Structures are given as C-alpha cells and as structure tokens.
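Colleague: Protein chains in written order, with the working numbering: chain A, 5 to 495; chain B, 75 to 169.
For the record, the hints were derived by calculation from the structure and aren't laboratory data. Everything numeric in this text was worked out from a predicted model, so none of it was measured. Every residue gets a Cβ at the ideal spot worked out from N, C-alpha and C, and that includes glycine. Warning: the hint list may mix true and false statements.
[Unchecked claim] Some chain B residues judged to face chain A by a derived CB distance under 8 Å, without partners named:
(1) 89
(2) 129
(3) 168
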Amino acid sequence: MSDLTQLTLKGALEGLSAGTFSSHELTEAFVAAIEAANPALNAYVLATPEKALAAAKASDARRAKGEAGPLEGAPLGIKDLFCTEGVRTTAGSKILGSFVPPYESTVTANLWRDGAVMLGKLNMDEFAMGSSNETSYFGPVANPWRAKNSNQTLTPGGSSGGSASAVAADLCLAATASDTGGSIRQPAAFTGTVGIKPTYGRCSRFGMVAFASSLDQAGPIAKTVEDAALMLTSMASHDAKDSTSLDIEIPDFASFVGASVKGMKIGVPEDYRIDGLPAEIAKLWDEGVAWLKAAGCEIKSVRLPHTRYALPAYYIIAPAEASSNLARYDGMRFGLREDGGSLSEVYEASRASGFGPEVKRRILIGAYVLSAGYYDAYYVRALKVRRRIAEDFTQAFADVDAILTPTTPSAAFPVGEKQSDPVAMYLNDIFTVTTNLAGLPGLSLPGGVDQRGLPLGLQLIGRPLEEGRLFSLASVMEKASDFRPRPERWW
Amino acid sequence: MAIDAATVRKVAKLARIAESEDRLAGLAQELTGIMTWIEQLNEVDIDGVAPLTSVVERPLPMRDDVVTDGGRQADVLSNAPKADKGFFVVPKVVE
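Just chain A, same shape as in the assembly:
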C-alpha cells in the first residue's frame, strides 16, 4: 500500500469509507511518521500514540456498527492551546508546563463527536505570541520546506507553526490552529498549506487558552481547500459556554467547494501594495487576479486607507487584552509556582520565571497602555482606529464580494533572523491582522513558489459569515494554480 500519510483528509475519509484501510492502520502510519520526523521538525510537543491507537480502534468499531461520523477515523493534530481532557496542555509556556485540563475545549469536543482521532499536541509560540514559533518554551519548529540547494532551517511561521509544519510534512491529515493577528494564515503561507480564520464567533473559544479575547478565533490548517472546509464544518458551533459564539446555522462548508464564482466581484486593495513588497509576491498576486478573472469574476480596485495603522493598533489592543487575560497565571490555582516570601513575591517570581521574554514584553506594553494617564492616549485611541479599519472594509464590501491580497510580505525566513527586532517580526502580520481587528473571515491558500522554491500564499477576505464564498473562490484558484505543494523530504 502506498504511504497513507500522504493522503488528503478527503482521500483518507474515502479510503476509510470504502474499507481500503482501517483507522487503526492509518493511525499507525502517522504514529510511525511522527516518531521518525519529530526529532528534526519538533512539530509535536506531545505525541499521544497509545491514546490515538485506542481511539482509532474505537472508531473502527463505530464504523463497523454503521455509526460513522463526518470525520470518522481521521487522525488529526491539535494545537497545544486547545484544552484536551487528561492530556497536558501548555500553550507553549513554561508557566503551564504540567497543566492537565480536567475538561475539553468545545472545538476539539466537536471533532471527537464527529469521529476524529487525536495524534498529539502541536508546538506553538508561547501563548500564541509570535510569528516564527521561536518563542515556544519547547523550542522552535522547523519548516519542512528549505530553499533550493540550501540546508538552512527555516521557520514555519507562527504562532501555529507546529500545526503548519505537521500538515506540510504529512504528520497528520489536518490540524487545529488559532489566529489572533495572522497565526493561522501566515504559517499556512510559509508551508504551502491552506488555513482559514473564520468570522469572529464561528468557533467557540471555550477551552482555548486566551491571548486577546476580542481577536482570538480557531480555525483549521489543512492540505487542500476542501479539507479545510471539512474541518471548519466540524469545528464551528454555537456554544452557550462562550457568550461571543454566534447562534446561527453552520453550513456544510465543503458544499461550496467547486461552486461557480462567475459574476463575483473581487476587490484588489492598492493600499496593500506596500513599499518593499517583493516582485515575486506582486507577480503571484497578479496571477491570482488572472485566475479569478478567467473564472468569470469581475476585478475592481478598492481602497482600505487605514491598513497601515492596523499593526500599531493591534500592538496596543492585543497586549492590553493579554495583560488582563494572563493575570490569571499567579501560581496559586494551577501552573508554575516559585517559592518566595510574601504573596506578592511569589506572584512576581512565578511570573518572572514562567513567562518567556516576548510574553513579558507584551504584558508590560499592555499594562503600560492601560495604566492611569495613558489609557485614553493609547488604548482608547487604538479602539477608535480599529473602528476606522472596520469601516474601510464595510465600504469596500459595498462594492465587492471578496478581497484578494498576498498573505505575507515575504516567504519563510531562517530561524534566528528576526528574533532580535520585535517590530520586524510584527510586520509579518501586516496583511493578515486587519481581518482580526474587523472580525472578518480570511483564508490563505498556496499560490506558487518563489525563485528559491519556497511556497507563497494568497489571502481571500470575505464579508462576515461568508466563509462559503471564500471556499468557492479558493477552490477555483487552487485548481487554476495547478500547484500541489510538497516539500522535498530531508528529515
């Protein structure tokens, strides 16, 4: 039998359904692949082979009884910020280093309800704060992609670096991820995978370790557009345990894949043509426009004039929310506790030792912009700019049905390259962060490779709740690009 790990989620589900192989056989193949690859890639911070094989066996039994769910028997990877009952969950942080949740996140519970099998927990930037997976307490993740004729290790992006690397390297059929400023889409672009951040409120945040609650949203990273649609259909739900989760019907997102996009109006925002945008990325963007035109879309120029202010506004709002959310790590009820004299000294020592440098930096910025005398000048101003950014999109979507942009301003960069310059690292999210601030769905798909052979991504942005349209457009582009990304195996 050919290598089962190279199947798409859709292909694997068909094989399972036809009885070509069992979930146990499929899961065994992934367990072996993880064992062989993880020392080099560091995509998993915790593999759970015994639980996975037991779950696969149970899945095979359900299928035999005719009780197969939509994702029955599919082995998946789970980003380590989704709480998994009885399985260590760390969010990539030392402060949660031995935390074992006594409950399950709603997103993962939905996947298990639909029959999926968990292979383990995936590496990530600490508390999802980072764009390279280098802030993880468990060390950086390697991108399975390398430039042609080079053995330099590249980052897979972040914060969902483990998710992206694992999907690209065939270490799971698909993975859960989360996106606060670009953490699904930027790693998807860097690894030749498909990622979607749905509309804010589509997926429940219950049981997700919080970073910035008004921006955080779960979504999948997968090998194809259709696979991402299958994953999102299971992950999304209304949940009384998250008051911001939307009480609306969840469509079968896969039904939008392959649908005609004829007559749709696509906006191309000139404000995203920033100084220093590499020519190869500008060229790919033009190609994307051509693919949609050929499929019968009408292309229109749109203005999003406040784009350039999105990142600075984000770096006030996200740290402000983080400084509040991360106040819970006090060493009293869970997580790391360092010994000290007074109660205050124990708090301060535990947090000093438990948080890494980037997390501390953001907590300090958050505490600063919320402190007396600066709250209006920084925090309230950023919230007003946030409305300006949302208004830009409202105006643009009066004229167009979706917007096409590059996902990132560069291809994957080497480990260590941007670590010393926080602002340079933040600029990775320049094209993705706007949709978080406005709550809109954004999908990244691979469009092609640059001259060095590294994948580049294109981003589709939609109106609220129009993920289905994004899946239709993305599947047309996926077909037109004729790009089936697969890194050359070196690990």
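Using the hints, position chain B against chain A.
Modeller: Chain B alone, transformed into the frame defined by chain A:
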C-alpha cells in the same frame, strides 16, 4: 514616547513580574522602540469616532440564572501547586 527605567519598574510591579535592576534599561529601550513605532496612530483622524470594543454586532445573550456545573472539587484542585484538605494552599496573607 520614551520609556525610562523607572517607568518599566513601575509597570513590571503593576504586572506582578519581577525584573532585576540590570534588565530595566534594556527593557526600557525595547519598549521605547515599540511605542515609538506605535506613535504613528496619532496621524489618524479619530474625531467623532466611537471606540470599537466588539466586532459582534448583537447583544450578549441572556440565560437562566441557574447552576450548570459544579461538585468538581477534585477537578478544580487537580492542577494546584499546593492543596490540602480540599483547599488551595497559598502563602500567608495576614500576619
């Protein structure tokens, strides 16, 4: 806006993160760099704009005020750094 070491000391105290004196100058420089980059927000015309605190344009849902979960003392304490007789054990607060 330049952030000095004294401000970092104060903010670190507010955030309950111990920072050693020899780290303060370096942190002040890093934070100054980030905050200087953020200053460009002052260019945006925000006159008459209301702050956007939530992108969900609907009121928060109401629910019946009833107990939906509970009786899970062992679960609640299962990750406690220190617990005794069903309680969290914390450093002495009152002398």
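Colleague: All hints, please: hold or fail.
Modeller: Evaluated hints:
no. : hint : result
1   : 89   : 4 Å, holds
2   : 129  : 3 Å, holds
3   : 168  : 10 Å, violated
Hint violations for this structure: number 3 only, all remaining hints satisfied.
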